[in-house]
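Engineer: Sequence:
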Amino acid sequence: ANYPFSADDMDNLVLPAALKPLQHKLFGLTINPERLAAIREERRENSRYASMRQCRMEVSEVEALYRKNQIPWLNSTNYSVEEIATKILDIMGLNRRMY
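Residue numbers (my numbering): 2 to 100.
No wet-lab data here; the hints were simulated from the structure. It should be emphasised that the depicted structure is a prediction, and the values quoted were computed from it without experimental measurement. Check before you lean on any hint, since a few could be wrong.
Unchecked claim - Computed list of lysine to aspartate or glutamate pairs in DMTMM-like fashion (alpha-carbon distance at most 25 Å, straight line): (1) Lys69 - Asp91; (2) Lys21 - Glu46; (3) Lys26 - Glu83; (4) Lys69 - Glu43; (5) Lys26 - Asp12; (6) Lys88 - Asp9; (7) Lys26 - Glu42; (8) Lys88 - Glu62; (9) Lys21 - Asp91; (10) Lys21 - Glu64; (11) Lys88 - Glu42; (12) Lys21 - Glu62; (13) Lys88 - Glu35; (14) Lys21 - Glu35; (15) Lys88 - Asp12; (16) Lys26 - Asp10; (17) Lys26 - Glu59.
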């Protein structure tokens, strides 16, 4: 599942109540602020939402939340979906299953 953090979630770097029971299963993803700004610029050109300042702040905050709550995470900027999945399995010590 995917849980996109909001500004409210970042208050005091506290894990949202909906995620606390699942904390042992959580894995975080981040992205380079420059790439995030480029993606957002395509959606909302010249907006605060797409500004480098905003993107740097958001990435920094979510990484701090991951560290504070001991959530393993990966910067996914330069990886394909398949590579991300493989890295998560490796980091979490999970075995791959073929069906």
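Engineer: Taking 25 Å as the top limit, are the C-alpha atoms of lysine 88 and glutamate 42 close enough?
Structural biologist: 29 Å, violated
Engineer: Checking one constraint from the list: CA of lysine 88 to CA of aspartate 9, max 25 Å. Satisfied?
Structural biologist: 29 Å, violated
Engineer: Between lysine 21 and glutamate 64, is the straight-line Cα distance small enough, at 25 Å or below?
Structural biologist: 17 Å, holds
Engineer: Taking only the CA atoms, is the gap from lysine 88 to glutamate 35 under or equal to 25 Å?
Structural biologist: The hint holds at about 22 Å.
Engineer: Holds or violated: are the alpha carbons of lysine 21 and glutamate 46 at most 25 Å from each other?
Structural biologist: Roughly 35 Å separates the two Cα atoms, so the pair is violated.
Engineer: Verify the proposed pairing of lysine 26 with glutamate 42, using a straight-line Cα cut of 25 Å.
Structural biologist: Violated, at about 33 Å.
Engineer: Does aspartate 12 lie within 25 Å of lysine 26 when you go C-alpha to C-alpha?
Structural biologist: 22 Å, holds
Engineer: CA of lysine 69 to CA of glutamate 43, is that 25 Å or under?
Structural biologist: Distance ~32 Å between lysine 69 and glutamate 43 Cα, so the pair is violated.
Engineer: So if I understand the rule, the pair passes when the alpha-carbon distance is 25 Å or less; does lysine 88 with aspartate 12 pass?
Structural biologist: 29 Å, violated
Engineer: Decide if the proposed pair is consistent with the structure: lysine 26 and glutamate 83, CA atoms, cutoff 25 Å inclusive.
Structural biologist: 19 Å, holds
Engineer: Does the structure keep lysine 21 and glutamate 62 at a Cα separation of 25 Å or less?
Structural biologist: Status holds; Cα separation ~18 Å.
Engineer: With a cut-off of 25 Å on the C-alpha distance, tell me whether lysine 26 and aspartate 10 pass.
Structural biologist: 18 Å, holds
Checked against the numbered hints given earlier, this structure breaks hints 2, 4, 6, 7, 11, 14 and 15; the rest are met.
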